[in-house]
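Student: One letter stands for each residue in the lines below.
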Amino acid sequence: MTVDAVVIGSGPGGSAAADVLTRAGWSVVIFEKGRNHLLDPGDPTRPAADYSNDEIKFMHRHFLGPDPFLEPRTFRTGPEEGERSHVGEVNSIPSTVGGGGTHADGKVPRFREDDFRLLSTLGPQPEAAGADWPIAYEDLEPYYAEAERAVGVAGEAGANPYAAWRSGPYPMPPGPPMYGATLSAAAAEKLGLHPYPAPTAANSVPYDGRPACNNCGYCSFFGCPIHAKGDPVALLTRVMATGRAELRPETFVSRIRTSGGRATGVDFIGPDGVERSMGARHVVVAGGAVETPRLLLLSGIEHPLVGRHLMVHFQTIAVGMMAQRLHSQRGRAVTHVHDDAIVGDEASRRAAREAGLPWMRGGMVEHGGASLPIVEAKIYPWGEAHQALMADSPLRERLWAFIMQGEDLPYPDNRVDLDPAVRDVRGFPVARVTYRGRRHELAASAHHGERLQAVLREMGAGWTAVTTSPGTRHVGGGTTPVPESRHVIGTTRMGTDPATSVVDSWGRVHGLENVVVADSSVFVTASGYGPTLTLVALAARAAAGLAGTTLPVVGPVNGSG
Amino acid sequence: MPVWLTDQEYRVLESVCARLVPAIGARPGAREVGAADYIDRLLGAFLFDPPLIWAGGPTSGRAGGEAAFGRFHRLTRLDELAWRTRIEGSRGIPEREFNGPVAGLQQRYREGLAELGPGFCDLPPEEQDAALRGLPELVDLVYGHVCEGMYGAPEYGGNRDGAGWAGIGFAGDVQPRGWTDAEVSGP
Ligand SMILES: Cc1cc2nc3c(=O)[nH]c(=O)nc-3n(C[C@H](O)[C@H](O)[C@H](O)COP(=O)(O)OP(=O)(O)OC[C@H]3O[C@@H](n4cnc5c(N)ncnc54)[C@H](O)[C@@H]3O)c2cc1C
Ligand code: SF4
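Protein chains in written order, with this note's numbering: chain A, 1047 to 1607; chain B, 38 to 224.
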C-alpha cells in the first residue's frame, strides 16, 4: 500500500498538515504513538467522552502519556555531567491523539514582525547561532488568520499595543477574566505595563459546533470534557470527515525509509507490537521538537544540525501571597498577559549593558494562579499543620503568579540527540536533552524577575519570591535543572543554506525533497511567545506547499459558527 | 475490607494515615476520608476488570450529568505492562526490565508496613511520629498517595463522599455545571 502522505504525529502540527492535505484531495495516514481519547472510536468525526475533571488520572497517572516508564527521556545540562543526570520526564508533552494540544490551556498569540529578523535588527549575541528566518511575518499572516479560524481563538484586536498587524478580527471575543487577573492587570497598568486579554484557544461563545467554555477550571494539563478547547479536535474531525484519512493510534513510527534523496515510506510498530512498513509518496514529520529530531536520527538522516539549537523558553516565575482568596480554580488557567518584557525599555537596555550583553529579550508574561489541591497538598509538610494549611490554602487560593516565557537563544550545544544506553519499551534509543540557560537568559530573568515582583507588591502581595525553570543557582530558589517548560523549539531549523539549516523555508528537509517537518522544530528563534499558533500556521503553509494548493479561505471548520 | 493488603497491614496503614494528615476538629483527616482504601485499591488495581487505573469521563454526576467516573478505562497492552510493573515490580520478567529492575509499590508497601510492625497502631502519637521520621522513604511514598486519597475523585477509593474536598471548601469536579462568568471574575 502506498499513500499520498504519511503524517507522523497527530498534535496541532500534524493535524493542521493533514487537514490541508486531505482538503487538497490527498490520501493520508496519520500515525500517532499515543492512545486515542479525543475522537469517538465508533465515529471519528465526533469527539470522544474520555476527558474529565479528574486530577488523579491527568496529573498523577499519565492518562495522556507519555508514561515515563514506557518512554523515558534523559537529561543533562552539559557533557561535563556525563552521559545523563536524569532519566524520566523531560519537557513532557502529551503523547496522545491531539498531542499537546489536548493538554494546553491554549494561549495562542502570534509572533511579532521583528521575531522573524532578530539578527538583522538587533545583531548577534555571544555563543548564540543567531539567524533571521527565511520568511517574514507577511508570509505567515494569512496562515495565522486561517489557524485562528480553524482552531477557534478568542481575543481582542487592538488590546495589545505591541501586537503585529492583523488582516481581521479574532473569531471570538475574549472570555471572562479571572478575579486575580483583574487585580494583577490593574497593578501592571499602574506601573506602566500593557496587560491584555490573552488570545486563547477556548470558545468564549459557541463556535464551530462546539459549546462555549463553562469555566470548569481543569484546563491546563487536562483535556476539555465539553470540547470547548481549540485543541486539534476541530481539525481532526474535519480530516476524518473527508473519508481520505486513516488514523492509527498506538502506532510508533520507528524509521523513515529513504533511498536516493527521497523518502519511500515508513516502518512502524502498531498495538500488536509487530513491525511493518508502508509506502508513501510524501512524509510529514510532526512529532514535536524533541521526537522529530529523534526520529530523523533513528532514520539515519544525520544532517549535523539535526537536534541542535533546542529552545524551551527560560521561564521566570514570580509569585506573591495575597491576603484574600483568589479562587483561581474557576475559569481558564490564564486570562491576561503582557508583552512589555519582549519589547523592552530603557531599564532593560541598561540591564543588558550591565550584564555585558548587546541586547536582552524577556518573554510574554502570563498572569495566573494555582488550582489543584493534590498538587498543593504534596508541597505542604505532613503532620498536624497539614489540614490547617489546606483549609487556609496559601499556595492554591492566595498565591498569584507571573510566568514569563523568556526567549532563549539558539545555542548549538543545547540539543536533542539519542541517549547512548536508555531505551524505550519498543527497544529504541530515547531522546536525550542537553540544555542550560546562558548569560542572556540568566540576565533577562534576573532583571524581569525583580520587576514582576514589584507588580505583585503593587497588587497587594505581602510576600513575593522568584524562581526559574530550569532552576539555576544564579537566580535563587530554582530546584531542578530539568526544564519544566512544555514549549520545545528549534531542533531542525529552517533556512535557505543547507550548511546552516536542516529544512528549507517550506519545511522540506534539505536533500530529501518529499519529507516535510510540520512542527516547532523548524523555528529559527523561540520568540517570547508560546509556539503553538505559529507552528500550526507553518504546518498548514508547509502542507500547502507540498500539495501545491493555495490557501483555501474557510470560516470555522464545521461551518456552524 | 481491604482488597489487596492484609487486615493487619491495612490497620497499620490507617494508623500511618492518621499521623500524616490528622483530623483537626470537625475536619476529617486521612484516616476518616479513607486514604488507606485509595492506596489499597491502587495496590490491588489489577484485581478489578478493568483495572482501577483511570476513571471514566466526562462527568461524575456530582455536578450534574451522568455518573461516568466509575466506568474505568480498559488498558492497552503497553499500559498494562507499565502499570503492572509499577505496582507489582519487574520480578525478573525481561519485558519489564528493558531499562533495569523496578521495585514495585506492593513490595515497597509490604516491607515498609512490616518495618513499622503491628505494634505501630498502639503507640502514642509522638512515638508514631518518631517512627515515621525514621523511615523517610516510606513516608514520602505514603504521603504522596495520602494526598491523592484525600483530594482525588472518590471513585478511586479515597475522599469518601467528597469529605476531603468538603473539609477544605473545594468544589471537586464541576462539569457539566462549571462556573458562571460572575463567579470567575468577582471576588
Ligand atoms: C499543560 C500545557 C500547557 C501548554 N500551554 C501552551 C500555551 O498556552 N501556548 C502554547 O503555544 N503552547 C502551549 N503548550 C505547548 C503545546 O502543547 C505544544 O506547543 C503543541 O502541542 C506542539 O504541537 P506539535 O504538533 O508540534 O507537537 P505535539 O503536540 O507534541 O504532538 C506530537 C505528537 O506526535 C506523536 N509522535 C511523536 N513521535 C512519534 C512517532 N515516532 N510515531 C508516532 N507518533 C509520534 C506524539 O505522541 C504526539 O502526540 C502547552 C503544553 C502543555 C502540556
Ligand atoms: S476551563 Fe473551559 S476550555 Fe478549559 S477545560 Fe474547562 S470548559 Fe474546557
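Be aware that one or more of the hints could be misleading.
[What the hints assert, rightly or not] Computed Cβ-Cβ distance ranges for the label pairs, DEER-style:
1. ALA1393(A) <-> GLY62(B): 48 to 56 Å
2. PRO1317(A) <-> ALA140(B): 22 to 30 Å
3. GLU1292(A) <-> ASP166(B): 26 to 34 Å
[Claimed, not checked] The following residues of chain B were derived to be distant from chain A, with all beta-carbon distances above 12 Å:
4. GLU103
5. GLY129
6. PHE135
7. ARG145
8. ALA151
9. GLY154
10. LEU160
Worth flagging that the hints you see were computed from the coordinates, not collected in a lab. It should be emphasised that the depicted structure is a prediction, and the values quoted were computed from it without experimental measurement. By construction, the Cβ of each residue, glycine as well, lies at the ideal position given by its N, Cα and C atoms.
Student: Starting from the range 22 to 30 Å, see whether the pair PRO1317(A) and ALA140(B) falls in it by beta-carbon distance.
Tutor: holds (28 Å)
Student: Take a quick look at ARG145(B) and tell me if its Cβ sits farther than 12 Å from every Cβ on chain A, holds or violated.
Tutor: holds (15 Å)
Student: In this structure, is the beta-carbon distance linking GLU1292(A) and ASP166(B) contained in 26 to 34 Å?
Tutor: violated (59 Å)
Student: Please settle this one: ALA151(B) was flagged as non-interface, so is its CB more than 12 Å from every CB on chain A?
Tutor: Nearest chain A Cβ is 21 Å from ALA151(B), so the label holds.
Student: Was PHE135(B) rightly flagged as not at the interface, with every chain A Cβ beyond 12 Å?
Tutor: Non-interface label fails for PHE135(B): nearest chain A Cβ at 5 Å, not farther than 12 Å.
Student: Could you check the hint for me, namely that ALA1393(A) and GLY62(B) are 48 to 56 Å apart, CB to CB?
Tutor: holds (50 Å)
Student: Using Cβ atoms and 12 Å as the threshold, tell me whether LEU160(B) really stays out of contact range of chain A.
Tutor: About 15 Å separates LEU160(B) from the closest Cβ of chain A, which puts it past 12 Å; holds.
Student: Are all beta-carbon distances from GLY129(B) to chain A longer than 12 Å?
Tutor: holds (17 Å)
Student: Is it the case that GLY154(B) keeps its Cβ farther than 12 Å from each residue Cβ in chain A?
Tutor: Nearest chain A Cβ is 20 Å from GLY154(B), so the label holds.
Student: Beyond 12 Å on every Cβ pair: is that true for GLU103(B) relative to chain A?
Tutor: violated (9 Å)
Hints 3, 4 and 6 from the earlier list are contradicted by this structure; the remaining hints agree with it.
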